[in-house]
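> Listed below are the residues making up each chain.
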Amino acid sequence: MKSSDPLWKQALAGKMPEHLAREVDIYETEIALRKQGKIDERLFAETRLRRGTYGQRYDNGQRYDGATFQEMHYPSGDLTKGPNTMWDAPGMQRIKIPGGGLNAEQLETMADLAEEYSDNIAHVTTRQDFQLHYIHIDDTPSLMRRLAAANITTREACGNAVRNVTACPYAGVCQDEVFDVTPYSRALANFLLGHPDCQNFGRKFKPAFSGCAQHACGLTNLHDVGFIASKQSENGVEKRGFQMFVGGGLGAVPYMAKLFDSFVPAEEILPLTQAIARVFARLGEKKNRNRARIKFLIQDLGIEKFKELVLEERKTLPDDPRWTDYVKDAEQFSEAPLKPGGEWPSAAADGFERWLNTNIRPQKQTGYVVVTVALPLGDITANQLRSLADIVRRFTKETIRTTVEQNFVIRWVSQSDLPEIYKALEAVGLGDPGAGAIVDIVTCPGTDTCKLGISSSRGLAGELHRALAEKSFELDESVQHLHIKISGCFNSCGQHHVADLGFYGVSRKVGGFAVPHFQVVLGGEWEHNGGSYGLPVVAIPSKNIPKVVTRLTERYVAGRANGETFKDFVKRIGKVELKKALEDLAKPPADPADRSFFSDWGDPREYTLGDMGVGECAGEVVSSVEFDLAAAEREVFEAQIALESGQVENAGKTAYQSMIHAAKALVKINHQNISDDPGEIIGEFRTRFYDTQKFWDPYAGGKFANYLFDAHQKADQPYTGDSSRYLIDEAQLFIDAAHSCYNKMGTAVGV
Amino acid sequence: MSSPINLQCVNVKLLAKDPEDVDLEPLIPVFHNWIQGQVFEELLLDVADYRHVHEGPGVVLIGHQANYSVDNTDNRLGVRYNRKAPLEGSNQDRLKQATRAALTAFHRLEGEAGLNGKLQFNGQEIEVFINDRLMAPNRGSTREAIEPELREFLGKLFRGGEYALSHGNDPRALFGVYVKANRSFSVSDLLANLAT
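For the protein sequence lines, the chains are W and U, in the order given.
In terms of the numbering used here, the first sequence has 492 at position 492, counting the first letter as 1, and numbering is strictly consecutive.
In terms of the numbering used here, the second sequence has 101 at position 101, counting the first letter as 1, and numbering is strictly consecutive.
Here chain W stands alone, though its shape is the one from the complex (with noise of 0.2 Å):
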């Protein structure tokens, strides 16, 4: 689109390493073919995916305007990137960065790109990548060509793909660490790049590094494979080496790694991987993609049975010297500080004082800490990334790294420096306090830019973000270390499920008008790698979630035992105690002049589920769908509690009725004699709902449905403690998407 588009390749002819060059002049060509109509729109997305470049909210050329669905008319006319998804609509570029490791010019580079290719802004995302905004497809290439003018390739940053490799941002520098993963990360994320053996999968597969199992840095448990350090003895030679994790991840249903291995020498990690892809690529589901990544398929197997099926590939696998070529230098690997370390400042002023206590973590060398830099909602200016250049290399040589939590860590700042950078980065707005406490919200797109975002988690991030500002000094000390993380659905990019207070977008109906609403996920643990997982309690209007939050922390200081954790405190309590403390909060209001509630945050667009996906003509049986829903989610509740309870039968079971229930409220639409018989009302959903695809999410296809078929098949087996687990998300996940049906009937009937 930009008139300097065609000139970039020369300009930076001999700059860019020669392989990332290639890649781009590959990928060119290829935009050139689809232009030409010669290559299939479908392949084309695949290939602009795995080069990071997605599609936005709205790239479908119709957008809800808040009275009518307008008709984007683009100058390329229909001329698409990808089914149904038009050229010229703004997309997204994820860009990779492995550990989350930069320098200061990767940093300029960024900062140049998000001026003149998006919005101003670079997003920094819970993988460590960074996102740009509103970018046309035409300019992906040059901006590619800047990248690799940096050494950063977007490839394989989305895609059927191995996604970006993330690590401890710490790693080096941790007190509690084993030892520094950072050349192990960089090894892996160097041997998996392009690899044949990586390029038929059915789905994303996510690697993840951390130097100890007791922080939550690493987030392992939520990865599809995950290492943390370990050490072992041999013949009194001690060895490095790592606890490998298999199958976890995030998703509608998320899944707690499985050990594979309590120890894998450092030398082994990289072909017992390769071993694992192969495995994956030749076994993992292929045509249900809703069933498609790793966990499911460990999940079908069992651990055992899959581990043994990845030593048996590992012998296969010819020898590569890459495998163990670095672990040499890995072990003498190690970062060095641009200046001496320093002691400790003296007391100072208030907002210096803040910042020292929530922002600087000491180093295991002596004299140096880690600064970090929050940002709010992961967003952050070009002017302020070429300051932070600037002050990168002021005061370090050049040592920073992304985070899951969206922020900058500079490492080996000398303490004695803190006075001077907190002035450095305060004059540009990046020293603000508060960096992993209850203010640093963690967030993804949601309906801001993301096409399956159903509520607004940046617009409430940005209201929680500003209330919690205000009043974070006066917290109790105990509330001001939670942490809120919000997701726009329930696919989990904002990692909800491992916060104290977890938060996804769902919609509900309220008197014929569809209202956004955010589930609250409660019980969920940071630590420990994102140590255990959070459940919903309930689904709360989109505008009274700060209310919910002011409650829950009240009741949290009120009542709290002695250095009990949130965690904690939510188990002691009990969801049912908790849900009864927010069941006013998730009512409609009660002036019906106050319209306040069909809007989201930031957004004043009267809300549609529309812009997802168009629905069709319902019928009128309103007030019992919703009845009966509401009855449904009741079940599901229980479920959780008798789960709780450790009677896991009877929560297997409750969560399969509440499901079977949701499914007769919603064919007793157009078929009300409908009976009880689940097998009738099965078959009657089939036909009503999934064959018709009215049931369909306009984006996980029939992902909900198959949740319900699945259920009622194993129906009549014994329920276990992970199967009850996944089946009271499915029923809850279930449920959601029937309001979400429900709505979108109403919608198309002007209800």
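These are computed hints drawn from the structure, not numbers from a lab.
Where hints are given, some of them may not hold.
On the chain U side, residues computed to face chain W include the following (Cβ under 7 Å) [as the list claims (entries may be wrong)]: (1) E20; (2) P29; (3) H32; (4) Q36; (5) V53; (6) V60.
Glycine is no exception: its CB is placed at the ideal position from the N, C-alpha and C atoms.
Once you've looked at the hints, dock chain U against the given chain W.
Showing chain U alone in chain W's frame:
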């Protein structure tokens, strides 16, 4: 004599009076209404809210050919027009197009009921940037090549009135000029000057 530069991606920012009085939140519904009415010649697409970012782009009305924003970059609040799609014509045409678009947007904002008349042009200050580092790197040769074009354009814009012109020095920044007229102009005055 430097070779002529093809001025594309022209950005024009008109600075606001009393910026501390301006609340950006009411801009969100205003921009949504503009999309609803498709009030400009560009295809208007979406609204991006960056009020949480320090000295950032503020609230942005995303368009296909251009973005409009009430932008607070460098702590200088103003209405910014960011041309993205290439334009035919001469450099004078492109400078005029971007400036007129920024003025037109400001004119509308000054009259928006939801803003209570709080967002007003300060009458004197305009910034012009070229949002393309390859075409217009921020260095002396670019300045030399562009300045005559700019002075010709500013002469028309201010009807021969005097003004001061300065440049930013950071070579990493976009090429940009900061213009301050010696006397105050209204948005309507400047639009009228461009119409002739």
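> Find the hints from earlier in the document that the structure breaks and name them by number, from lowest to highest.
Hint 1 is the one this structure does not satisfy, whereas the remaining hints hold.
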